[in-house]
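Add chain B to chain A, keeping to what the hints say.
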Amino acid sequence: DGGITQSPKYLFRKEGQNVTLSCEQNLNHDAMYWYRQDPGQGLRLIYYSQIVNDFQKGDIAEGYSVSREKKESFPLTVTSAQKNPTAFYLCASTPQGRRNTEAFFGQGTRLTVV
Amino acid sequence: QKEVEQNSGPLSVPEGAIASLNCTYSDRGSQSFFWYRQYSGKSPELIMFIYSNGDKEDGRFTAQLNKASQYVSLLIRDSQPSDSATYLCAVRALTGGGNKLTFGTGTQLKVEL
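These protein sequence lines are chains A and B, in that order.
So the first sequence is numbered by the numbering used here: it starts at 1 and just counts up by one.
So the second sequence is numbered by the numbering used here: it starts at 1 and just counts up by one.
Bound-form chain A, shown alone (with noise of 0.2 angstroms):
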């Protein structure tokens, strides 16, 4: 079955430390998305890319790092200049080209700061 696939479910990062979000996806989709969610709040975005070897920044990029080595994958790096990471991360993905087409969600990855 296509998908994407995001991995850990759940994650605890310790002060300092910087973490990698999984995010992997079969549906051979170009653009892929990550997004922020807090309580209560919609999503921001955080980076996205259209293409291999290529992303932007979103609106809330700083203490984030991303890749995109391979279409299938977006991992996304929450460094330790990220003060506030405790949040719920989604990733998603559309093909492109075409202007009716939804995005795609992976599960969310709720990340806590111990």
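Just so you know, the hints here were simulated from the structure itself, not pulled from any lab data.
Please note: incorrect hints may appear among the correct ones.
Unchecked claim - Within a straight-line C-alpha distance of at most 20 angstroms, the following computed SDA-like cross-link-like pairs (lysine to any residue) qualify:
{"no.": "1", "chain 1": "A", "residue 1": "Lys-57", "chain 2": "A", "residue 2": "Glu-69"}
{"no.": "2", "chain 1": "B", "residue 1": "Lys-2", "chain 2": "A", "residue 2": "Ile-60"}
{"no.": "3", "chain 1": "B", "residue 1": "Lys-2", "chain 2": "B", "residue 2": "Gly-29"}
{"no.": "4", "chain 1": "A", "residue 1": "Lys-9", "chain 2": "B", "residue 2": "Lys-42"}
{"no.": "5", "chain 1": "A", "residue 1": "Lys-70", "chain 2": "A", "residue 2": "Gln-50"}
{"no.": "6", "chain 1": "B", "residue 1": "Lys-2", "chain 2": "B", "residue 2": "Asp-78"}
{"no.": "7", "chain 1": "B", "residue 1": "Lys-42", "chain 2": "A", "residue 2": "Lys-70"}
{"no.": "8", "chain 1": "B", "residue 1": "Lys-67", "chain 2": "B", "residue 2": "Glu-5"}
{"no.": "9", "chain 1": "B", "residue 1": "Lys-42", "chain 2": "A", "residue 2": "Asp-38"}
{"no.": "10", "chain 1": "A", "residue 1": "Lys-57", "chain 2": "B", "residue 2": "Asn-22"}
{"no.": "11", "chain 1": "B", "residue 1": "Lys-42", "chain 2": "A", "residue 2": "Pro-39"}
{"no.": "12", "chain 1": "B", "residue 1": "Lys-56", "chain 2": "A", "residue 2": "Glu-102"}
{"no.": "13", "chain 1": "B", "residue 1": "Lys-56", "chain 2": "B", "residue 2": "Asn-22"}
{"no.": "14", "chain 1": "B", "residue 1": "Lys-110", "chain 2": "B", "residue 2": "Gly-41"}
{"no.": "15", "chain 1": "B", "residue 1": "Lys-2", "chain 2": "B", "residue 2": "Ile-18"}
{"no.": "16", "chain 1": "B", "residue 1": "Lys-42", "chain 2": "A", "residue 2": "Glu-24"}
{"no.": "17", "chain 1": "B", "residue 1": "Lys-42", "chain 2": "A", "residue 2": "Phe-88"}
Chain B alone, transformed into the frame defined by chain A:
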């Protein structure tokens, strides 16, 4: 000004009534508009998309788009308790970096028995 704005609610409607959810956007170059429903702790799921001015109906849901006013809405007829969720408006625009999908903060809907 936020790119996509929604009233956070909560919006409370009685069972069987019509719920009206509104969204405005700032980028006139926006091409496509989506409504997602999100239950607490879960991923968003698509309800409808619209990209032409006017109304689009799908079952109990109707999306309305007015590009001149930069406004998109979602009507839910015969609201059910299972419709209680947060509704996210999303806007897709073509930017220098390609398609960018931006979400609003969501409107919490409560359907009361």
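Evaluated hints:
{"no.": "1", "hint": "Lys-57/A with Glu-69/A", "verdict": "holds, 17 angstroms"}
{"no.": "2", "hint": "Lys-2/B with Ile-60/A", "verdict": "holds, 13 angstroms"}
{"no.": "3", "hint": "Lys-2/B with Gly-29/B", "verdict": "holds, 15 angstroms"}
{"no.": "4", "hint": "Lys-9/A with Lys-42/B", "verdict": "holds, 11 angstroms"}
{"no.": "5", "hint": "Lys-70/A with Gln-50/A", "verdict": "holds, 12 angstroms"}
{"no.": "6", "hint": "Lys-2/B with Asp-78/B", "verdict": "violated, 31 angstroms"}
{"no.": "7", "hint": "Lys-42/B with Lys-70/A", "verdict": "violated, 27 angstroms"}
{"no.": "8", "hint": "Lys-67/B with Glu-5/B", "verdict": "holds, 15 angstroms"}
{"no.": "9", "hint": "Lys-42/B with Asp-38/A", "verdict": "holds, 13 angstroms"}
{"no.": "10", "hint": "Lys-57/A with Asn-22/B", "verdict": "violated, 28 angstroms"}
{"no.": "11", "hint": "Lys-42/B with Pro-39/A", "verdict": "holds, 12 angstroms"}
{"no.": "12", "hint": "Lys-56/B with Glu-102/A", "verdict": "holds, 16 angstroms"}
{"no.": "13", "hint": "Lys-56/B with Asn-22/B", "verdict": "holds, 15 angstroms"}
{"no.": "14", "hint": "Lys-110/B with Gly-41/B", "verdict": "holds, 16 angstroms"}
{"no.": "15", "hint": "Lys-2/B with Ile-18/B", "verdict": "violated, 27 angstroms"}
{"no.": "16", "hint": "Lys-42/B with Glu-24/A", "verdict": "holds, 18 angstroms"}
{"no.": "17", "hint": "Lys-42/B with Phe-88/A", "verdict": "holds, 10 angstroms"}
In this structure, the earlier hints numbered 6, 7, 10 and 15 are contradicted, and the remaining ones agree with it.
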